[in-house]
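*Asks:* Chains A and B are the protein sequences, given in the same order.
Heads up: the first sequence begins at 1 in my numbering, then just goes up one per residue.
Heads up: the second sequence begins at 1 in my numbering, then just goes up one per residue.
Some hints here could point you the wrong way.
Unchecked claim - Straight line, CA to CA, 20 Å or less: simulated SDA-like cross-link-like pairs of lysine to any residue:
id: 1; chain 1: B; residue 1: 139; chain 2: A; residue 2: 20
id: 2; chain 1: B; residue 1: 187; chain 2: B; residue 2: 203
id: 3; chain 1: A; residue 1: 35; chain 2: B; residue 2: 134
id: 4; chain 1: A; residue 1: 35; chain 2: B; residue 2: 135
id: 5; chain 1: B; residue 1: 164; chain 2: A; residue 2: 2
Think of the hints as simulated: they come from the structure by calculation, not from any bench.
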Amino acid sequence: MYGWLLLLPAMALLALFTHYPALANLWHSFQSTPKGDRPAAFVGLENYQQLVEDPIFWQALSNNFWYALGTIPVSIALALLMAVWVNDRIPGRGILRLAFFTPTILPMIAVANIWLFFYTPEYGLLEQFTGALGMPSHNWLGSKNTALGALMVVTVWKESGFFMIFYLAALQSMSPHLADAAAMEGASRWYFFRRVTFPLLMPTTLFVLVNAVINAFRLVDHVVVMTRGGPDNATELLLYYVYEIGFRFWDSAYAATLTMVLLTILGLVALAQFFFLERKVHYQ
Amino acid sequence: MSAGINVYEPRGVGRALETTGAWILGVLWVLPLLYAFWTAFHPTEFSTHFSLSAPLTLANFVTAWHAAPFARYFLNTLLLVTMVLAAQLVLTTLAAYAFARFEFPGRNALFALVLVQLMVMPDVLIVENYRTMTMLGLKDTITGIGLPYIASAFGIFLLRQTFKGVPRELDEAARVEGCTPLQVLWKVYVPLARPTYLAYALVSVSYHWNNFLWPLIITNSVEARPVTVGLQVFSSTDQGIDWSIITAATLLSTAPLLIAFLLFQRQFVQSFMRAGIR
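Next up, chain A with everything else stripped away, as it sits in the complex:
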């Protein structure tokens, strides 16, 4: 019973702010939003009907999918490349580690402000650079075709250095005898990386992957600062849409319904991690 007592405070808060809201969210997604003197009423699947017919929801879902697909592999590949590079004893590797890692500890909102300026039409550094090359002026965040891509660059910039340190830690804990043995057998560097290093890094890759997926659905601070979902919903991500519906239009029932989609996605990630990836990766 002592164990129960020790757990009580943490479990109570966890229940109040994680388990209860997840369940209450489900319940509220079957209700209408209370308006004026009309209290919330049970409406069955009406909100889900609205969801299916809402083109902005579908756009947000597909945006988020492309956003995840665009940022996750690039961040992971860059993180691995950075880690391999700064693990070798190249000149100035201490400074390089610092350069790669610094964006990680900055708030996303500050990062977004800095990049907003970087992307500014005509004045921004990017414009000055492309202008010097004779390219026409382009509003990166203001045009439908490039806005989401511009946000992805920011995410990759912020995340890669974070993932790098996990790869670096894993590389440093790898036995040098492996490389010696492989070299004795005449394996090339690339072959050694592909057949030995990369498979041994699999647990790290899984950890980083799960984190990256969660972040792709959890972090929308830069959308708030840089585009507010625009232009023309081109950068509408799911959580940002929840925020808009819930706290700008104050439609809490529909916001709860949208949150259910997010929770379902995160649940699927958890299941995938538990049943599929975890088993394929552990062989020690």
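Got chain A sorted already, so can you dock chain B onto it with the hints?
*Replies:* Relative to chain A, chain B alone:
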């Protein structure tokens, strides 16, 4: 660590290529930051105009500091991260101790319930948590910002791993000498977990210093806003587009964390690593 020379480390041309590649990427990586520093430390007319003769100035920082109640915002953030960390340390320590060293019915089920929060973070439960905070009367308070994060699954998980690594003999020796379970926790487990505590503290502080969306939703007054929200309010309202001042404000709001990071780089990086390796 990297004691022996890796036989696969490139030499000659390969090494030169790798170094060049790494440095190009490194320069690309710091460019946005350097640009921000340039803009913040020079007069507005030089903000997008690079010249070696451009005079350095702190005027942008002074203007930004006086244009919004940043002192109050910093105080709020400081209160927030301190309160959250202190409460987290107590609650997660007790819970981790229970999971690591006590047998009781339902332990595994409860642990699974804790792990749920690793996936379903308060960050995505904003709609319902807002409702709860309204009911509790904690809207627009610093407590309201921090409360959903205090029972941290991540902290419980991390400390449980560490506590499980503490040799049983130490635990038993302390009990033989008449220590109560709480005294054992305090005298044996907590001191041995110091590196984990440091790691967790750094991760927690930087997370809550940087957190934005939930504080934005739950606060609406100067008295409760943390510095991230204050910065957003400041840069999105009628500043015109004086980028020099906005950039100065941006750097200002990250300065304490950035300086701490530069001073204690090694601890930061090792803490983030430790927190990630499970």
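*Asks:* So, for every hint listed, does it hold in this structure?
*Replies:* Hints and how they fare:
1. At most 20 Å may separate the alpha-carbon atoms for a hinted pair to count; residue 139 of chain B and residue 20 of chain A meet this at roughly 18 Å.
2. Among the hinted pairs, residue 187 of chain B with residue 203 of chain B is inconsistent with the structure: their alpha-carbon atoms are about 25 Å apart, more than 20 Å.
3. For a cut-off of 20 Å, the pair hint linking residue 35 of chain A to residue 134 of chain B stands: about 17 Å separates their Cα positions.
4. For the suggested pair residue 35 of chain A and residue 135 of chain B, the alpha carbons sit about 17 Å apart, so the restraint of at most 20 Å is met.
5. Proximity of residue 164 of chain B to residue 2 of chain A is assessed by CA-CA distance (about 18 Å); at most 20 Å being required, the pair is judged to hold.
The structure does not agree with numbered hint 2 stated previously, though it agrees with all others.
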